[in-house]
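Starting from the given sequences, assemble the full structure and let the hints guide the process.
Heads up: the sequence shown at position 139 corresponds to 256 in our numbering, and the numbers run straight through without jumps.
Check the hints yourself; a few may be wrong.
Unchecked claim - Label-pair distances were calculated between CB atoms; the ranges are:
no.	residue 1	residue 2	range
1	295	426	36 to 44 Å
2	154	386	41 to 49 Å
3	426	159	41 to 49 Å
4	267	209	25 to 33 Å
5	410	140	57 to 65 Å
6	267	149	33 to 41 Å
Hints listed in this document are in silico derivations from the structure and should not be mistaken for laboratory results. Here the structure is a predicted model, which means the values were calculated and not measured. Virtual Cβ for every residue (Gly too), placed ideally from N, Cα, C.
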Amino acid sequence: MSPTAVPAIPAVHREVRLADRVEGDLAPHHFTVAEVPVPKPEPGQVLVRTRVMAVTAAMRTQMAGMPLPMGSFVPGEALWGSAVGEVVAAPGGGFTPGELVQHSRGWREFAAVDASRVRRLDPDALPAPAAHLSQGATAWGALRRAAEVRPGDTVFVTGAAGGVGSLAGQLARRLGARRVVGSTGSERKAALLRAELGYDDTIVRGAGPIERQLRRAAPEGIDVLLDTVGGEQLTAALSLARPDARFALVGALSSQLGGGGGGGIAALVELDAGLIVMRRVALRGFGLHAHPDLPQEWTKEFGQGLREGSLVFPHALLKGIEQAPRALCELVQGRHIGAVLVEL
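This is how it looks when you write it as structure tokens:
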């Protein structure tokens, strides 16, 4: 993506739209791919050609039509999400055609974005542009700032094969954890987590009661939980919490993707308040939006780790905007390990 190599702007481009509200399992028929005119940027906007975009579990929730902090997708309109691309026009100034940027108007080949909502990226900061779409900043912030992982800790990560979890095991080890345990949905994924992604042991959803598996994997209890799932796994983690354990809660996949793909946001779970008090367990929700300085911190850490070989970026890369619906469906089905990306 050289600043001097800016491609010609075509007259039309493709975008992916939500065909209808999703109830039950997500399927390709819930999407349409439309050909529309390339938008003309207004003063103060930047026209970006998207090169790679991410799909995330939260997008399934956004399709359900319920009130959400990040807004819901609207039937008949294009979806959106984090993406990396290159500037092709910037009538308002401030950006130069050819610059690498990150924006939130994925699911389309070209996007006109307010300049204030475009983040300039250093093309040399990470080995590949796609790495800017990792969910590692969430994992890094949750472990380092919310849970404050300390040398010698035993760490339990739920949803360990997802975009956050596939980096969290590596990062817990990087921060000095003595033992790292992760949960996932299949023996195939569990084996990869242990072999390549920093996990000492794993528990597999559906292979028996979660608490019993966790007691085997962490017989001395856990000091830290990074929870992306909620539900039974959160309850089991509390039962194994050591005194002064720190829990960082970053997601609720048991609700978002469970129950036949219901896509809800509420994740009700019964917790033993007496146990929390007796063991002085700290439960803290963590959201990247509350830490605007974290992406820069994470990019520096990630770039160093990737270059020296101490970190890897697990991800699946599908090619072509027409593959974006498939990418999200496969993510919801648990088909991949790590981030799920689409190259346009």
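**Prompt:** Could one say that the CB atoms of residue 154 and residue 386 fall in the range 41 to 49 Å?
**Reply:** 48 Å, holds
**Request:** Starting from the hint 41 to 49 Å, judge whether the C-beta atoms of residue 426 and residue 159 obey it.
**Result:** Taking Cβ atoms as reference, residue 426 and residue 159 lie about 45 Å apart, which means the hint holds.
**Prompt:** So does residue 267 sit 25 to 33 Å from residue 209, Cβ to Cβ?
**Reply:** 47 Å, violated
**Request:** Take a look at whether the Cβ-Cβ distance between residue 267 and residue 149 falls inside 33 to 41 Å.
**Result:** 50 Å, violated
**Message:** Just to be sure I understand the hint, the distance between the Cβ atoms of residue 295 and residue 426 should be within 36 to 44 Å; is that true here?
**Reply:** About 22 Å separates the Cβ atoms of residue 295 and residue 426, which means 36 to 44 Å is violated.
**Cβ separation of residue 410 and residue 140, checked against the hinted range 57 to 65 Å** = 39 Å, violated
The structure fails to meet hints 1, 4, 5, 6 from the earlier list, while all remaining hints are met.
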